[in-house]
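So you can see what is in the structure, the chains are spelled out below.
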Amino acid sequence: MAVTTPTAPQSGRHPVAPRRIGGGFLDPKMLWTSLPDALKKLDPRVQLRNPVMFVVEIGSLLTTYSALAHPSIFAWTITGWLWLTVVFANLAEAVAQGRGKAQAATLRKTRTQTVARRLTSWAPGSAGSETEIAATELKLGDHVVVEAGQIIPGDGDVVEGVASVDESAITGESAPVIRESGGDRSAVTGGTRVLSDRIVVRVTTRPGETFIDRMIALVEGAARQKTPNEIALNILLASLTIVFLLAVVTLQPLAFYSDAPQSLVILVALVVALIPTTIGALLSAIGIAGMDRLVQRNVLAMSGRAVEAAGDVNTLLLDKTGTITLGNRRASEFVPVPGVEIAALADAAQLSSLADETPEGRSIVVLAKEEYRLRGRELHDATFVEFTARTRMSGVDLSDGTVIRKGAATAVMKWVREHGGHPTEQVGQVVDAISASGGTPLVVAQVRSGQAQVLGVIHLKDIVKDGIKERFAELREMGIKTVMITGDNPLTAKAIADEAGVDDFLAEAGPEDKMALIKKEQEGGKLVAMTGDGTNDAPALAQADVGVAMNTGTSAAKEAGNMVDLDSNPTKLIEIVQIGKQLLITRGALTTFSIANDVAKYFAMVPAMFAGVFPGLGKLNILHLHSPASAITSAIIFNALIIIALIPLALRGVRYTPSSASALLRRNLWIYGFGGLVIPFAGIKLLDLVIQYLPGMGH
Amino acid sequence: MSVAIAGWLQAGLLVLALAISYRPLGDYLAHILTSPKHWRIEKFLYRLIGVDSEADQTWSVYIRSVLAISVVGVLLLYSILRVQDHLMLALGMPGMRANLAYNTASSFVTNTNWQNYSGENTLGYTAQFAGLAVQNFISAAVGICVAATLIRGFVRRQSDRVGNFWVDLMRLNLRLLLPFSFVLAIVLVASGVVQSLADPHTVTTVTGGHQTLYTGATASQEAIKELGTNGGGIFNANSSHPFENPNAWTDWLEIYLLLVIGFSLPRTFGRMVGSQKQGYAIVSVMALLWAGSTAINTWLEARGWGAAARLAGGAMEGKEVRFGIPASSLFATSTTLTSTGAVNSTHDSYTPLGGGMALFNILLGEVAPGGTGSGLYGMLILAIVTVFVAGLMVGRTPEYLGKKIRPAEMKYAALYILATPAVVLTFTGIAMAAPSARSSMNNTGPHGLTEVLYAFGSMGNNNGSAFAGLNGDTQFWNLTGGLAMTLGRFLPMIFVGALAGSLAKQKQTPASAGTLATHKPLFVGMLLGVTLIVVGLTYFPALALGPLAEGLS
Amino acid sequence: MNRLPAPILRHLAALRALLVLTVICGIAYPLLVTGIAQAAFKDKADGSLIKDAKGQSVGSALLCQEFVDAKGNPLPQYFQPRPSNAILAGSTNDHGCDPAQSGGSNLGTNSDKLKQQVADRQKTMAAFDSVPGHSVTPGQVAVDAVTASASGLDPDISPLNAAQQEHRIAATRGITAAQVEALVKANTGGRDLGLLGESGVNVLQLNLALDAQYPYTGKYR
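Protein chains in written order, with the UniProt record's numbering: chain A, 1 to 699; chain B, 1 to 553; chain C, 1 to 221.
Everything hinted at is true.
Below, a list of computed lysine to aspartate or glutamate pairs in the EDC-like style, where the Cα atoms sit at most 20 Å apart:
| id | chain 1 | residue 1 | chain 2 | residue 2 |
| --- | --- | --- | --- | --- |
| 1 | B | Lys505 | A | Glu523 |
| 2 | C | Lys51 | B | Asp199 |
| 3 | C | Lys42 | B | Asp199 |
| 4 | B | Lys505 | A | Glu521 |
| 5 | C | Lys54 | C | Asp211 |
| 6 | A | Lys461 | A | Glu371 |
| 7 | A | Lys461 | A | Glu499 |
| 8 | B | Lys520 | A | Glu477 |
Short, incomplete list of chain A residues facing chain B, as computed with Cβ under 8 Å:
| id | residue |
| --- | --- |
| 9 | Leu246 |
| 10 | Ala247 |
| 11 | Leu254 |
| 12 | Ser258 |
| 13 | Gly524 |
| 14 | Gly525 |
| 15 | Leu584 |
| 16 | Gly588 |
| 17 | Ile595 |
| 18 | Tyr602 |
| 19 | Leu617 |
| 20 | Ser662 |
| 21 | Leu665 |
The set of hints was computed from the structure by calculation and includes no laboratory data.
Just so it is clear, the structure is predicted and the values come from calculations on it, not from any experiment.
Quick reminder that beta carbons are idealized off the backbone N, C-alpha and C, glycines included.
Next up, chain A with everything else stripped away, as it sits in the complex:
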């Protein structure tokens, strides 16, 4: 086996995401292209899912019947606009789904007609025999071989080889990524393309259930289920609809008694104006668009429930590495113990790290090369010892009998003692000094010619990301506690935690510790979000309320979490939380707006209906609308147009800047509550100024 000197570790590929959460903007053309879909949704069976719009549709049918029986310009105008109200609502949903469909179409292209080269009876070390079958015929546990230029036929784990893979089909990122057997970067996704080398992949997902399939279903909105908050809101809207329906139905006997019976058209118009059509029409579009916003950020949520839960999160468990600190720790210094040449230490450190594929290992090789001109070399007849959680050391056994080990201070010193060496006090002092400064000490030791000795310490340093401290302050204001998870010792962890400004940290954290922390938080009624990639993260990902698996991670992790980040950027958890919140805020804001609108509609419609019999009610016509017909028509047209006007908002989501609950409520109440009271007064008056000149709108 040959080992090549790796390139410098990646760093800073994922800058901290922008502060404001935006969304896709509405392309006006989409309104037009979605129209056929909108018309298809007029099917009452489709409408039945949305009680508010179902009532509008039934009302439209009634007015149509009434307009046919007693035709008048007024009746037909109202009827027309009622139908438009339903169409506009459908349009909102269709546009939201349409955006997903475009993405789905792109994804589908990758899926068509992939040929799989199945290896039968493959086993480690034995090549097996190859047959070509269609990708759709693959079964769980099949092994396939993929070579440069070929498309990976299904989701799976690399079991042999290493390759660079172009995952742009799903992530949109053109830079290739490395996928290799073993470790936490073994997962490959069907539909992505191998650029170099050859890998053998064990298929872990049935055809039709692959990642891309799920992604397609998700962006198309086909798999969309109503989330708990959406259901609760629907219940509220349905009950308001029933109340207003009752209020209007029972109004007719009262109107008869008052010698002011109302026509069916007017009664239907009143119901439609009162029931919360604005939010009713946009509710499903808001939900679809919320998922869509996640997809645009390359996050795949397995359910809307998870997105909502993200908005509710109380505690964020953030892996130090990659989230809080830049990339990985880097070797920054070699500190030899007295009596050891620094070059000797650098040499031993490099030798022990040549086969160490971890970023830290690579950075040691690089540091040695850059500072001490030590070239990477190929070693023959050397045995590399991998790092394990048990030994907490890695190293190399050279052919001349020299054994080099590097690792955690306690582990390495114990090893030295076991081999008859006596670590000096200075080692401990150096280790403590590095720890205290927030760095990680790696002790390097060797046994050469039966002599065990500590050579020195490698100083591994974490670099905290720019701007991360401010982000944590924002989260704190939003009421979210951040907990840094790290395998470091408490001293190191504390130094970094302080520097990054996290609320708490979990040091020397193993998978069980993470799990215990999550359970503890949840017992206190808190919702916990975390990211993870390794197989040993899987239980914690499953336990967390929001578990975001990295796309680079293992299949087990991706199965356990309820979201997958295709960019594998742990910082995105913060964005996911914000998108979850924005989704809820958009619903709440439009509900408030919708209900507040009713006040103005009443002032337009009730005087129009009854001022003829009770002139005193004319005093309520504070807008001085032209005539009863124009007043009612204006209210209904406003009611329909406001839906169209708010589609962009529904798709984009209301503006959300992280701040405290009180600040958010004050702002949204002001804009959507007070705005909802005032805007329709202005809108209805303006419409009335125009339509009073239309025929049939006179006194």
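On the provided structure of chain A, position chains B and C as indicated by the hints.
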């Protein structure tokens, strides 16, 4: 002192008295509802009744117990009214007709106390004190019991138990209603309210006429009638009758009594959920609604709009000289905002918009401060709806006092919000469509419509006051009214119970900076707005054809 | 164990609880209050009755009574109470202030019937209260003299109403208006505690005081 200044002062004195009692009474109520210790007499009574005082009930058993005592309550009261001529002190009054007895029994058991009969010439003394007044105690306690389940729903964690109805019922009666009523009854007698079981005796007046004076156990019933927000008086004229309410002092005291439990329960709530601020927020909304409504009503009556009032020079038709307009408006507002329904003036003769305010108060759902217990749970339901909308607007699954408002909770809250308007609007619609029902109107035009809307508004919301010109003692009104009162009382209670059960099962989410603060002025304002807008939107068309059509012309 | 089903047990418990509470709250409580009331506040508990010189009750200080002749016409020598709707329905000799028929008109302020009543009362009272040297126009008649109370048993009239009747009383009794006014003042009650309610004049007590101090010598029956 001018009428206006005196009016403000007596309202101010009332606010002061209520503010003083807020803490001690609220804390005492919390103690009653949470103390693990039983009185010896209580233990004896539990054995007598045959209930396990240590059992903690699920919401469904609790509410079934509420329904059980209500069902037997209706049956017993119905029987007493039917056969009252065979009881002692019957004064020669015959048994009540069946449909009137049904209406009256439902009315008193549901804490409504709508009266389609005239007390002094329908009922003997025994039927009044051993029949009707008993339900004044029980129905008042039941309201607090149901409110207690909801509070416990917020307090308890991962539990399916909401308390023991029998313990709550007995304690509220023995520790609160009975002793307080007793003291207050004596105060009322000392202030001139009658209390005599002697046969009505006839006096010869100065000019040789004859008056037959009916007395009865008036002071003892008056005390619980106000304290328990019942409102069913001994006399037809209710609290305008000088024997029930002889002077402005007793009048003020009665207003205080009918408000005091309702206004103190938020303290109980705050104490039990462990945050006095939450109680202050709720009581603030109640107080703002009450103060605003009082001010508007007083202003409208003092202005005296309306033809007859203009002609006479003031809106004194249906008001007593000893109270004048401010004390009448104060009573009218307080009684309609508390589900009491006692009256010291005839609301039917109020100015159109003044009477409309009384009607609007009732339609608010009896939440400011509302009936004993029912006002608190009504306001808490509105708070839940407000929390839901506001909670979404801060980007979290809405939660109130650490309990999430999920679909299950929303379902029960929505059903609660829906139940009463459905009852009120449906029955009003039916009545306005039925000629036989319309013929009961005392007034024509929009005012007649207001009488009908007021009637079902009052019965559906368990208020019990009336635009009393309406002749309610007909088969239609007795039967539909009984039904409206029953549905208007127990449907909401069932939903509150279910909600309590659902909340109790939840864990408690700790508050953070991201949690909607439900004790701040912003939330108080929003809750106020939601209450007004939800009710306003529901009833605006009907109100437009009644009080608004009459009052704006 | 032969236990009854839970719903039946529950209703039996409810019935027992109801009976227990009936005994406590429905019987013991009112009887106890009655006993104390009768022992300590007998006058008030019995209805604040007013006795004449012979010890006969002539009415309650809390209730109005009609000062009319056998035909139901108001007697000019007495202060007249407010209009009353406490009348036995359909009765011809019940003119109001009937304690067995408490209640108000319940007419809305825009009711034609009420408007007519007010106008009629204004005319009647203006004519009734106008005496030579002192005329009252319909528009001057006090508001409480033309509107009926809620109970129909309002014992009071407003000081304004009393003042308006003073001249008629003085003329019929042959005394000066000032003498009547002094008596009215003596019988005017202020606001309770100085701020509760409104001040009023108790008609029965005022008329009794009149009869005692300035007996009417004319015939009225």
